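Chemist: Following the hints, complete the assembly by docking chains B and C onto the known chain A.
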Amino acid sequence: MASDSIKLYSLVYAGLVGLAALNYVLFEGGLDLAYDISFVGTMVIAVLKTALVVAFFMHLKWENRSLTYLMVLALVLTLLLMSAATYSIT
Amino acid sequence: MIESLILQVADEWRAQSAVFDEIFFVFLALGTLVGTIVVSYTLYNAYKYRDDGSDPDEKFDPPVLGELPTGQGGPKAKKLFLSFGLSAIVVISLVVYAYGLLLYVEEGPATDVEEDIEITVEGYQFGWEFQYPDEGVTTQNTLRVPQDKVVQLRVTSRDVWHNFGVSELRIKSDAIPGEYSETWFSGQAHLEEPLEPGETETYTAECFELCGSGHSYMKADVIIMHEEDYQDWYDEQLADAEGEDTEGDG
Amino acid sequence: MSELPPTTSLRRWLVTTNHKDVGIMYTITALFFLIFGGVMALLIRLQLWEPGAQILSGLAYNEAVTAHGLVMVFWFLSPLGFGLANYFVPLQIGADDLAFPRLNAVSYWLYVLSGVMFAISFFQGGTLSAGWTMYAPLNVPMYTPSIGSTGAILALAMFVASTTASTVNFLTSIHHSRAEGMGLMDMPMFTWSMLATVWMMLFAFAALLSVAVILLSDRVFGSLYFSATEGGSLLWGHLFWFFGHPEVYIVFFPALGVMLELFQTFSGRRLVGRKWAIIAICLISVQSFLVWMHHMFLTTINLEIKTLMMATTIGISLPFDLLVFALIYTLIKGRIQFTTPFLFALGALLLFILGGITGVFLGAIVLDYEFRGTYWVVAHFHYVMFGGATALFGGIYYWFPKVTGKMYDEFLGKVHFVVFFIGFNAVYFSMFLGWETPRRVFEYDPAFQTFHQIGTIGAFVLGGSFFIMFYNLAKSYLYGEEAGANPWDYTRTAEWAIPSPPPLENWDGRPSYASGKLEFVQDAVADGGHADGHGESHLDEYPYWDKHPSHASIWPFAFSVATLIFMIGLSGVRDSVSLSLGETLATTALSMSNPVYPVFAAVGPILMVWTAVRWGTEDFYAPPTAIAERWPFHGIEKVKLGMWFFLASDVIVFGAFISAAVFIRVNAGWMNWGPITEPLPGLINTFVLLTSSFTVILALVFARRENAKGLLASLGATILLSFTFLGIKAWEWHHEVYDKGVTLTQNPHGDPIQASIYYVTTGLHGFHVVIGVLIAGYLFVRAARGYYREDQRPLEYFGLYWHFVDIVWIFLFPLFYLF
Numbered sequence: 094m095a096s097d098s099i100k101l102y103s104l105v106y107a108g109l110v111g112l113a114a115l116n117y118v119l120f121e122g123g124l125d126l127a128y129d130i131s132f133v134g135t136m137v138i139a140v141l142k143t144a145l146v147v148a149f150f151m152h153l154k155w156e157n158r159s160l161t162y163l164m165v166l167a168l169v170l171t172l173l174l175m176s177a178a179t180y181s182i183t
Numbered sequence: 021m022i023e024s025l026i027l028q029v030a031d032e033w034r035a036q037s038a039v040f041d042e043i044f045f046v047f048l049a050l051g052t053l054v055g056t057i058v059v060s061y062t063l064y065n066a067y068k069y070r071d072d073g074s075d076p077d078e079k080f081d082p083p084v085l086g087e088l089p090t091g092q093g094g095p096k097a098k099k100l101f102l103s104f105g106l107s108a109i110v111v112i113s114l115v116v117y118a119y120g121l122l123l124y125v126e127e128g129p130a131t132d133v134e135e136d137i138e139i140t141v142e143g144y145q146f147g148w149e150f151q152y153p154d155e156g157v158t159t160q161n162t163l164r165v166p167q168d169k170v171v172q173l174r175v176t177s178r179d180v181w182h183n184f185g186v187s188e189l190r191i192k193s194d195a196i197p198g199e200y201s202e203t204w205f206s207g208q209a210h211l212e213e214p215l216e217p218g219e220t221e222t223y224t225a226e227c228f229e230l231c232g233s234g235h236s237y238m239k240a241d242v243i244i245m246h247e248e249d250y251q252d253w254y255d256e257q258l259a260d261a262e263g264e265d266t267e268g269d270g
Numbered sequence: 062m063s064e065l066p067p068t069t070s071l072r073r074w075l076v077t078t079n080h081k082d083v084g085i086m087y088t089i090t091a092l093f094f095l096i097f098g099g100v101m102a103l104l105i106r107l108q109l110w111e112p113g114a115q116i117l118s119g120l121a122y123n124e125a126v127t128a129h130g131l132v133m134v135f136w137f138l139s140p141l142g143f144g145l146a147n148y149f150v151p152l153q154i155g156a157d158d159l160a161f162p163r164l165n166a167v168s169y170w171l172y173v174l175s176g177v178m179f180a181i182s183f184f185q186g187g188t189l190s191a192g193w194t195m196y197a198p199l200n201v202p203m204y205t206p207s208i209g210s211t212g213a214i215l216a217l218a219m220f221v222a223s224t225t226a227s228t229v230n231f232l233t234s235i236h237h238s239r240a241e242g243m244g245l246m247d248m249p250m251f252t253w254s255m256l257a258t259v260w261m262m263l264f265a266f267a268a269l270l271s272v273a274v275i276l277l278s279d280r281v282f283g284s285l286y287f288s289a290t291e292g293g294s295l296l297w298g299h300l301f302w303f304f305g306h307p308e309v310y311i312v313f314f315p316a317l318g319v320m321l322e323l324f325q326t327f328s329g330r331r332l333v334g335r336k337w338a339i340i341a342i343c344l345i346s347v348q349s350f351l352v353w354m355h356h357m358f359l360t361t362i363n364l365e366i367k368t369l370m371m372a373t374t375i376g377i378s379l380p381f382d383l384l385v386f387a388l389i390y391t392l393i394k395g396r397i398q399f400t401t402p403f404l405f406a407l408g409a410l411l412l413f414i415l416g417g418i419t420g421v422f423l424g425a426i427v428l429d430y431e432f433r434g435t436y437w438v439v440a441h442f443h444y445v446m447f448g449g450a451t452a453l454f455g456g457i458y459y460w461f462p463k464v465t466g467k468m469y470d471e472f473l474g475k476v477h478f479v480v481f482f483i484g485f486n487a488v489y490f491s492m493f494l495g496w497e498t499p500r501r502v503f504e505y506d507p508a509f510q511t512f513h514q515i516g517t518i519g520a521f522v523l524g525g526s527f528f529i530m531f532y533n534l535a536k537s538y539l540y541g542e543e544a545g546a547n548p549w550d551y552t553r554t555a556e557w558a559i560p561s562p563p564p565l566e567n568w569d570g571r572p573s574y575a576s577g578k579l580e581f582v583q584d585a586v587a588d589g590g591h592a593d594g595h596g597e598s599h600l601d602e603y604p605y606w607d608k609h610p611s612h613a614s615i616w617p618f619a620f621s622v623a624t625l626i627f628m629i630g631l632s633g634v635r636d637s638v639s640l641s642l643g644e645t646l647a648t649t650a651l652s653m654s655n656p657v658y659p660v661f662a663a664v665g666p667i668l669m670v671w672t673a674v675r676w677g678t679e680d681f682y683a684p685p686t687a688i689a690e691r692w693p694f695h696g697i698e699k700v701k702l703g704m705w706f707f708l709a710s711d712v713i714v715f716g717a718f719i720s721a722a723v724f725i726r727v728n729a730g731w732m733n734w735g736p737i738t739e740p741l742p743g744l745i746n747t748f749v750l751l752t753s754s755f756t757v758i759l760a761l762v763f764a765r766r767e768n769a770k771g772l773l774a775s776l777g778a779t780i781l782l783s784f785t786f787l788g789i790k791a792w793e794w795h796h797e798v799y800d801k802g803v804t805l806t807q808n809p810h811g812d813p814i815q816a817s818i819y820y821v822t823t824g825l826h827g828f829h830v831v832i833g834v835l836i837a838g839y840l841f842v843r844a845a846r847g848y849y850r851e852d853q854r855p856l857e858y859f860g861l862y863w864h865f866v867d868i869v870w871i872f873l874f875p876l877f878y879l880f
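Protein chains in written order, with my numbering: chain A, 94 to 183; chain B, 21 to 270; chain C, 62 to 880.
Check the hints yourself; a few may be wrong.
Chain C stretches covered by chain B per the calculated footprint, using a threshold of three residues with CB under 8 Å from any CB of chain B [stated by the list, open to error]:
id : stretch
1  : 212 to 222
2  : 369 to 382
3  : 420 to 427
4  : 432 to 445
5  : 576 to 582
6  : 736 to 746
Keep in mind that the hints were calculated from the coordinates and are not lab data.
The structure presented is a predicted model; accordingly, all values stated were derived computationally and were not measured.
Idealized CB from N, CA, C, for every residue including glycine.
Here chain A stands alone, though its shape is the one from the complex:
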């Protein structure tokens, strides 16, 4: 398989490790950032990490796009539940 390059996977792994470290630094690294900024930054990092794992390790970059849409649908439903329920008590 063309995508079976150990080098590529190693690069992705290195990226993941770097992002995880960044997660920690945002909150505990003594940067003294506002909570909101750290929160948003963390969520952005989480999304990036997820994208890397899903696209490369789980191979969706090369699979039929319909699988990606399927997972996006699941994510959208989760966010719908989370945001609507939380909003309803504000």
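Modeler: Showing chains B and C alone in chain A's frame:
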């Protein structure tokens, strides 16, 4: 709907029971009409196009085993959209109308808030406790109110999820532990004629959410009294509450 | 073990994986549950004869009410639809069987044994008495202490496992095994309805599983979710109804599919506005997830969201309008045959119309403010759900000749319909007349007594009508006239083109619509033959063997029995085991008052693992359809597609747990909580898990390169890393409990619910890691024995699961360690 907006502005305001009766009547009338038309139409056509054993029409073109499904388009599809459109208009209008009344019910009547009586209703397995504005004045399973004030109810629960509802007054609210939900009513608005001193009107409150083995028995009396009788009664309650206080076990 | 014994032997039914056999079993079992739920209903109706009657005590009445709802909704309605679907969806799409035959068998066995579990719960101190809606906190042990209450919920969880298996199976089958020339728009309407049903099920039942698992955590382990005053009750409302609303369409759609078929067959006309009917079905499926708060209009949710939900609720009535009119117009200019199936389908439509109109009333919030908790709601949903499901009985009569080869007695069928219809309206219309009666009470205003008495009489008439059907079907099966392949005049779908009953492997030749109509193509043998059609061929990617497909396996049954043992054990663990925390782990005492439950709870999982391993190592051959239409999921191998559907539902499971954490925290005030634990162990575990994802993908690469040492080393590293993760987690929990005093129910540093949420959510994730370790261990042993050289698919699919577990941690880490 316009009427209800005017009602919010003017001094005359309507009890929830009146609002419900109006809306229910409108929906029932329209629902029955639509239902009758659709059901009759269906039964009529089912009868008209029954297979009575005679030879089929030349144009009769039934589905054939193994064909790919095509459905029917043409004039019938147009009819479909017409019917769909009409029913959509009916349904959406009904809901827009209902929305106007919803705003009124949520807002409550335009009274001077200071004059309203705020009572906390606490449901428990298996009864209702009513806590009046003054400390120590609580009653079990009987809610007495004067006819001339708007009563604001804050409903909660001590244990499980209950629901406090008085069918005749058309008020109801969930009683959820940790939450306070709100509803309101007014004797004056609901009663057809005001009460004379000495007269009362009693309604039954029931529990409308399954709450355990005593759910069926969880009832309370809601008694609307003449304002003077209510004041006498309330003063007595206050005196009792203070008396208990001085005895040291308030 | 792939030869099927004959239908007269018991063994045949225990080992069969054939979709037709499974369909028959589902249908018959569902009808048993109809009787079970029906008896509950008759008990309720007897108690309603007089206000305050005491045939049953208050608690027993609540048990009857609860059991009636649970059994009818879960164990009767959907399984009946799935019985028909199991038999006929593969036939309608031209497939040989469902995509995963053993998974299909396990769906059935988990279903029937979960029903057994539910029945057992009556004898464990009384079953659940909190209503089928199981509101919180009535559903926690403080208010419903019986072991049977826990047992009932475990039965439900087991049932959800069954439906998840079914859902993945049907989704993969319909998207992967359609005959050549049958695009999605060419599928029959019954199959379309089933497709919409399983799409909704994929996401809805995942939410139910989450809420059931959280409740079980409260009941078995003592966590505090649903007793929390920081929104525990509302949390239940949101999670349950997020499932509960799509559920009612899940229950109705199979019946709708039957109606759509029968209206065409018995009028001799094609469906009016077919394309729009399909669009309406798709719209409803999506919209069903947007309306759930209309079950919560009287709670403390804000006015804005209530208004939005009112709008979406009215919105969802519109596609239903279209479907109703499409059905009615189909009849026009037809030649309508008033056979028993058609009578039931037409009757279902009329009942559904009445029920639907009353639903519009409920959508207008102001009216719902009064209808809430009254018999208006009960009457409404019986008209739409049971009234709609009436079509399923029509389906039974319609397809009975195909399944048995005999014709049912038409006169008795019509008698059944008349008695049924009269009884139905007597029960449920009387509920509209006496609507002000509160739900689930038997002490009601005497002014309504006449209505309730009519209802009780009607209920017995309705119940009795079913015995006409049972007698008719039994008698006809034994002595009925031969029916032939196609006893109806105007059928169109493929099941009518084969003998009655169909042969084991369905077709003589390969069904294909490539020429514009159904034909049975004789292909060459599957090792090289490649027909001309535009369907997709699997032959290049998939290792085929020159073998006959398998039809029998004992492992689905065995695994289900093991699961039942586990569930029974779990139901009584809390009552028979007590844990007293000492100062240290060494001084923590575990005492057991009754060994039976804990032994079952320990033996059950061991048996589950053993039967699963036997399942995995069994030589069961279920090849995918060689030539099939697969759009939009073309180019995806069958098992991979099934894995991705499963993962989509697991997203919702974890999503619901995370939503619960967020919801409670917002309710308590987001900034009032800080992280319970130090972030460092979490960070280390993040690195550990990321590295294990890397080693898993390396394992796959090495396997593809046929590098045995690399494969074993990577798998071994993955297992070691997983143990490291679990070890660090164990250390962390030990530190929290013994050094900081933060347990499942106590939190010296803040709200106790926060501690519960932390342990349960990270515990659920940890449980997924444990499962992963078990699978990885199995793969390691198999790899060492030389497997996965040619066929690396198990490694690839394990990788998908493992990466998913990693992704969940990517979100849990900030949520619990940083925020």
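Chemist: Are three or more residues of the stretch 369 to 382 of chain C within 8 Å, CB to CB, of chain B?
Modeler: holds (count 6)
Chemist: Do three or more residues from the stretch 212 to 222 of chain C put their C-beta atoms closer than 8 Å to C-beta atoms of chain B?
Modeler: This one is violated; 0 residues, fewer than the three required, reach chain B with a Cβ under 8 Å.
Chemist: Take the stretch 432 to 445 of chain C, compare each residue's beta carbon with every beta carbon of chain B, and decide whether three or more fall closer than 8 Å.
Modeler: holds (count 3)
Chemist: With a C-beta cutoff of 8 Å, work out whether three or more residues of the stretch 736 to 746 of chain C approach chain B closely enough for the coverage to hold.
Modeler: violated (count 0)
Chemist: Closer than 8 Å Cβ to Cβ for three or more residues is the test here. Does the stretch 420 to 427 of chain C pass it with chain B?
Modeler: holds (count 6)
Chemist: Count the residues of the stretch 576 to 582 of chain C whose Cβ falls closer than 8 Å to any Cβ of chain B, and tell me whether that reaches three.
Modeler: It holds, with 4 qualifying residues against the three required.
Hints 1, 6 from the earlier list are contradicted by this structure; the remaining hints agree with it.
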